[in-house]
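Chain residues, written in single-letter form:
Number of protein chains: 4
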Amino acid sequence: MSESTSPDRKAQYSFSDDYSEGAHPLLLKAIFASNYTQEVGYGGDTYCELARQRIRTHLGRDDVGVFFVPSGTSANAISIAACLRPHEAVIAASSGHIVTRETGAVEASGHKIINATPCNGKLTPEIISKTLDENWHFPHMAKPRMVYISNATEFGTVYAKEELRAIKDLCEKKNLLLFLDGARIGTALSSKMNDMTLHDILELTDIFWIGGTKNGALLGEAVVVKDASLASEFEFYVKQHGSLLAKGRVVGAQFAELFRENLYFELAQRATLAAEKLSCGITDAGFPLYVATETNQVFAVLPLSLIEKLQERFSFYVWEKYGNDQAVVRLLTTWATHEREIEAFTGVVKGWNNSNQVRARL
Amino acid sequence: MSESTSPDRKAQYSFSDDYSEGAHPLLLKAIFASNYTQEVGYGGDTYCELARQRIRTHLGRDDVGVFFVPSGTSANAISIAACLRPHEAVIAASSGHIVTRETGAVEASGHKIINATPCNGKLTPEIISKTLDENWHFPHMAKPRMVYISNATEFGTVYAKEELRAIKDLCEKKNLLLFLDGARIGTALSSKMNDMTLHDILELTDIFWIGGTKNGALLGEAVVVKDASLASEFEFYVKQHGSLLAKGRVVGAQFAELFRENLYFELAQRATLAAEKLSCGITDAGFPLYVATETNQVFAVLPLSLIEKLQERFSFYVWEKYGNDQAVVRLLTTWATHEREIEAFTGVVKGWNNSNQVRARL
Amino acid sequence: MSESTSPDRKAQYSFSDDYSEGAHPLLLKAIFASNYTQEVGYGGDTYCELARQRIRTHLGRDDVGVFFVPSGTSANAISIAACLRPHEAVIAASSGHIVTRETGAVEASGHKIINATPCNGKLTPEIISKTLDENWHFPHMAKPRMVYISNATEFGTVYAKEELRAIKDLCEKKNLLLFLDGARIGTALSSKMNDMTLHDILELTDIFWIGGTKNGALLGEAVVVKDASLASEFEFYVKQHGSLLAKGRVVGAQFAELFRENLYFELAQRATLAAEKLSCGITDAGFPLYVATETNQVFAVLPLSLIEKLQERFSFYVWEKYGNDQAVVRLLTTWATHEREIEAFTGVVKGWNNSNQVRARL
Amino acid sequence: MSESTSPDRKAQYSFSDDYSEGAHPLLLKAIFASNYTQEVGYGGDTYCELARQRIRTHLGRDDVGVFFVPSGTSANAISIAACLRPHEAVIAASSGHIVTRETGAVEASGHKIINATPCNGKLTPEIISKTLDENWHFPHMAKPRMVYISNATEFGTVYAKEELRAIKDLCEKKNLLLFLDGARIGTALSSKMNDMTLHDILELTDIFWIGGTKNGALLGEAVVVKDASLASEFEFYVKQHGSLLAKGRVVGAQFAELFRENLYFELAQRATLAAEKLSCGITDAGFPLYVATETNQVFAVLPLSLIEKLQERFSFYVWEKYGNDQAVVRLLTTWATHEREIEAFTGVVKGWNNSNQVRARL
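Chains as they are written, first to last, in the numbering used here: chain A, 1 to 362; chain B, 1 to 362; chain C, 1 to 362; chain D, 1 to 362.
By construction, these hints were calculated from the structure, which means they are not laboratory data.
Do not rely on the hints blindly, as some may be mistaken.
In this list, chains with the same sequence are indistinguishable; a pair is considered to hold if it fits within one copy or across any two.
Said to hold, decoys possible - When the alpha-carbon atoms are kept at most 27 Å apart in a straight line, the in silico BS3-like pairs for lysine-lysine are as follows: (1) Lys174 to Lys321; (2) Lys226 to Lys143; (3) Lys173 to Lys321.
No experiment lies behind these values; they were computed from the predicted model shown.
Required output: the full structure, derived from the provided sequences and hints.
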């Protein structure tokens, strides 16, 4: 996901990631509307309070802690540091964001991440049990105490309710905390494969977060903490990690708008439908997917020559080589993805295929 | 500086801190203007690049690293972690922000802070030398490797050029890095007592940062790194601390505007003049200052009964008791402070005094 | 305590510290006796088990955890890391060993040490309360959660039972853990000023350790953990810090011998009596003490010229200048200190004084 | 390596590990001989100095730093913390001791361990290159900066000189430090497969350590630091980790004896020959090895019923199931392993086999 090394945007339309856009206009408007009053600093403002109340309403519980942080890496590092003792470790998929894209932030807070090989980006009770069986030799091994999962996963796949419940049941039996990275919880809950609500997520995890940055916000994630005693101390961790913004309203106002009614889910829905359209366009043209498209991430296997042609007009991430003359590409869509750009992209794909078939026929 | 426990704003006008306001309108406008294009993530966008160039122009050097982070605590913790080896310590005034207001963020990254008793919130070569003399017993003591100072200080005082140069000279002689916390560098450079430019700050320190949050921005600070090899790795630290924002434009656009011409200094100038007016109003009424007013912080000694009366209409921080029936109060002003509120505040102060003198005469 | 930079021992007898000697012969014998059997590693051996049982007998409680570590710094760093959450801080005297002689080991595990100015090296409820009053501004300050004291202190002074009880009462009222560094608990309990037993120490603290290295052992300290759930996990911390010795018997055998009967206290008694004799010799000669001699540390104020003369035959630590022509010296005694060396030392002191008085008379 | 949970030694002879024995008699004698003089503390004693000189003589270089620490975990954690910046990671085999047996000590100092799948417990340039190819996405991934290898490995295998040189060459090309865990360097250099000297190890690594605990010492490892500036600061790290023993002589005296002539290698030789004999006894009886026996570790595949029978008289580690009715067992030998116990063990193995063949024949 080489965002920082992506090609120049000027000539190209980007399917590289879900944060190349700015904020959704309504969120920008909310920031504007919140700007001209004096407010208490560090999250004590009326907008953060309103956002907390509305999120609690969507969660169907008013007794949970809600804390705003500026980034996904801070949400993960803070949550894990807040939950674990120094000798405790977190189990994560080897494809998990804390393993592959956070510069060792979890280890920097002193904790080992025990990698497990996932299935379609997901963990299962079997995978977790196997990992526990390999990490029993105490006190010479770090003690597994938490399971980290992402929904949607880094491959865009989602957990079904029964899958999540099965993991939660195992965690309770094994005295493990279940932490869910919700950077893309919006698209996960808008997936055709999804059968859960935010309330289900709350009930089936110990701590999780709701991602704003990848779903229309300029910045900000909301960490939801169920345990009352942890919640009572959580703000210390947010501050210690440099993530307690003095002008909390900048995040509070956006979340207050996202959860005023259903904007959060409407934006995610748009991203997911755009991905579906893009995905179908590619498969209709006869090219296979690397992973089934369930949310706003499309992983397709395309010929290198086609990829090269597409790169003239579009930027996206070439994930990995696939055989000699093909590669897996990752295409991301968002609430802001233009219909016409999807058509332009799939047009090139189909055109290339036809011309090739013609060539093949000759 | 009990921001998080400040009284309700509704009934009161706040002189509590310099982040109770939102963003300056021009910065909000800049955020708007940057919103509707696709940009490269994680600081690779055109606005961060523009902001870096403009800051370098104001610094008078184009070979320095400039990195944007969301908060002052992240700016301090990241800079110190990036500069020190695990056994190295930082010397700071016991009143320094890293000592008193950052929840042990520096220690959380593994480093000892050696406290030194400041003079008017400032360190001097004598104070630093004394501290070194008390921390020589190696390898049984952490090795002093950095000096942390704030300009303006936590008491609103500023360093004169010759004071800073004297500290820098000592640091070079003793192989110490000099790090300057610039949360309020704007007001410092707008002080009557100031004789430095941003270029001087750059030349006389090893690493420092320019505060946005306390000078008109919604969020964001700019860390300036002189050392080329440190700069080449600095982004790793920003990311590891959860401070590398995916949509860097939200900070980049604001700094690009702050340093397009002189807005950054104009806003600071307003805050400093407002403080001067407030300060004079108090001293004219016959009440002493606790520390001379040099920037946007006023520390005054007022009777408890007057403080009570003022709190009916204004919120501010009661710093500490002073004798039996007085206390030190801290009043902060900003670019947004209303003239009429200053007049209202000083009006109450003068009124209280007269009525008392009358009473005293009877 | 410039051990590592002490002058050459060949020509001199050392009063520099309490670890210049090897092990007491009986402990060496115990190591020898334990050597020729196979034992379970990592503290599972019969000697560690025996030592734990005997220590528990001396403590008068058999339900406490006892853990052996190689050094005082590891005992302190491990105990503090095991008790605190990342945002929690420990209050310590500015003269405390964790502040002045452990190379930032506590900070290296992420925790802030809040320094308090002690009285004769000791903390008091008043000092602790004042420190709490200055560290209330949450979540912007690290949360005081533990009080660290040393008995004997770094100045050789000891806590009376009522002093310790008063601190413990405050700690319970303020939800603070009380941790006692017992590097010199032996000499503390052998002091004339002492009115406590090991059982009292156990009852009046939450966690403490019994120092072996400074009381006859080749190496090793025994950490006593009262809290059952902490004790059940404590070995993880010992291992993680690299302090779980594979051949635990080397420490276990020594502690089993030290606590078989009363050897531990007999050795401490000898050290304390030797210090008393040395101290009286100095005061008899008309020189003042810097701190009253209560255990095996003598702090005396001597003329620089006398110090120079003494350094011809003895090594000791020159603590700090005292006026223009005097300095405070620190002299340590142990179970192994030779009577004749004390007499030789005091002989020089008295001789110098007489000769000077003669000179004065002429 | 379930040392801490090994069965009761009384009834059984242990092949469980290489630290069930005490110290070799000559080392115990050396400790005795060092005991009755006053010495400078913290490694400044004459015995540590002598040990350093003798180790340097064996290394063939007198300009390297040599530092003594009490345990292998401290040797690894200290060396890695001393070499890496916070955002830098170490590449290690997934079977490496720092991954599987040190309770997250490396992560506790803030560093990510990037696991690589080894070949016979060893890393190769190909494995390291592949790992680098998967960890390039900067600054979003921790930066690989060090390669950790063990010689002998955790499977008892050893590196040939050309294998180590190939790794070192790659490390230099990729700007990686090469760190060698020498807990069993003695048996490695005494292996039939070995073609290196201590001097070669020094030349082909950046930092490594010589294990005492697993080769006859009561405790202690010697870390060898080539880089002069790192060596000049290394003692700070040793102290900060609680590993700078006040009475350094206890380790110094042992290493001075181990390297006075060739005792260190003679002891290792004995352990390796004992393993060879044990290994041959098992293969002669017709049972396969899991890994070829190259040093003092024997990994054999035995029927569960035979394992049960052997456990009546011997303790050893059952590594993992192997098919339905077999398991891999790990048997360790040392300088102290009794000939007759090897014969007794192999006697049971051969006896079981014959009786079974008889049964099979009937």
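Exercise. Taking each numbered hint in turn, which are not upheld by the structure, reported in ascending numerical order?
Worked result: none
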